[in-house]
Amino acid sequence: MLTETTFTPWASLGGGILIGISAVMVMGLFGRIAGIAGITQGAMALPGAARDRDWRIAFVLGLMAAPLAILALGGTIVQTVPGNLALMVVAGLLVGTGTALGSGCTSGHGVCGLARLSGRSLAAVATFMAAGFVTVFVLRHVMGGL
Amino acid sequence: MRVLWGFLAGLIFGVGLIVSGMADPAKVQNFLDLAGAWDPSLAFVMGGATVTTFIGYRLVWRRAAPVLNPTFDVPTNRRIDRPLLTGALLFGAGWGIGGFCPGPALTALPLLAPGTLAFVPAMILGLWIGARLKSAPVMKGTA
Chain A
837 MLTETTFTPW ASLGGGILIG ISAVMVMGLF GRIAGIAGIT QGAMALPGAA
887 RDRDWRIAFV LGLMAAPLAI LALGGTIVQT VPGNLALMVV AGLLVGTGTA
937 LGSGCTSGHG VCGLARLSGR SLAAVATFMA AGFVTVFVLR HVMGGL
Chain B
12 MRVLWGFLAG LIFGVGLIVS GMADPAKVQN FLDLAGAWDP SLAFVMGGAT
62 VTTFIGYRLV WRRAAPVLNP TFDVPTNRRI DRPLLTGALL FGAGWGIGGF
112 CPGPALTALP LLAPGTLAFV PAMILGLWIG ARLKSAPVMK GTA
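Taken in sequence, the protein lines are chains A and B. To convert, note that position 95 of the first sequence is 931 in my numbering; the numbers rise steadily by one, no gaps. To convert, note that position 105 of the second sequence is 116 in my numbering; the numbers rise steadily by one, no gaps.
Label-pair restraints from in silico Cβ distances: (1) B:Thr-82 x A:Gly-980: 50 to 56 Å; (2) A:Asn-920 x B:Leu-45: 21 to 27 Å; (3) B:Val-85 x A:Thr-842: 33 to 39 Å; (4) A:Gly-981 x B:Val-85: 39 to 45 Å; (5) B:Ala-76 x A:Asn-920: 45 to 51 Å.
To be clear, the hints were calculated from the coordinates, so they are not data collected in a lab. Think of the CB as a built atom: it goes at the ideal place given N, C-alpha and C, for glycine as much as any other residue.
Could you put together the complete structure from these sequences and hints?
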């Protein structure tokens, strides 16, 4: 699926700063990395999860309340989700398995890991970005569509 | 207090994901499509978030301890090993196929797009599988 999107540097920068503020809150208040894969594992008490579940459950509920708050305040949300459900199940399995196995996702290794100047996180980010670029290239330009 | 602050942090994170465009899989896939409809917006998300976090971490680390927990608990593992790189490869492939990473998928859930409803349960199952795989014999040893 190919949907044109417009370049939004200011909204993206502003949204990024909000994500950063949240990551700093999680460190300042709870002393933890704001990695969403890890927080989800913790909230759901999946294997490998940390102990303090209370704030993690609340964090996930806050994440899910965000679109509802934006809509309630009269905002609009532009979103195009791929419609091939079998592919989305495969994608979800890969994202869940990969982030649990690799101990982090775009927020844990990306934002928080890079902000800590962690070499391990830099290796993870370089690897998942490269895998993402190659995957989209193959899907769109070799297999001819998504 | 812990629950209230946790909720607020999640809410701010989610609003950031939506405002930035990170919660729109089309935008993510176009960012990853260097050879096609390339949309560089997400580089600004990562840049804004990482620089803010870099500065903020150094401010809060001046404290002896976080406000609502006894200690700072920051990863100490420095090894670039097989689980890390295998996991990142699988994650990147899934990110390219679905256009979602974990945060945006969760924040998009209440919008009830069929693709999101297929993705999130599979992702949670994957988190369980990945945690199990991490301790599998094949993942021992260096990359």
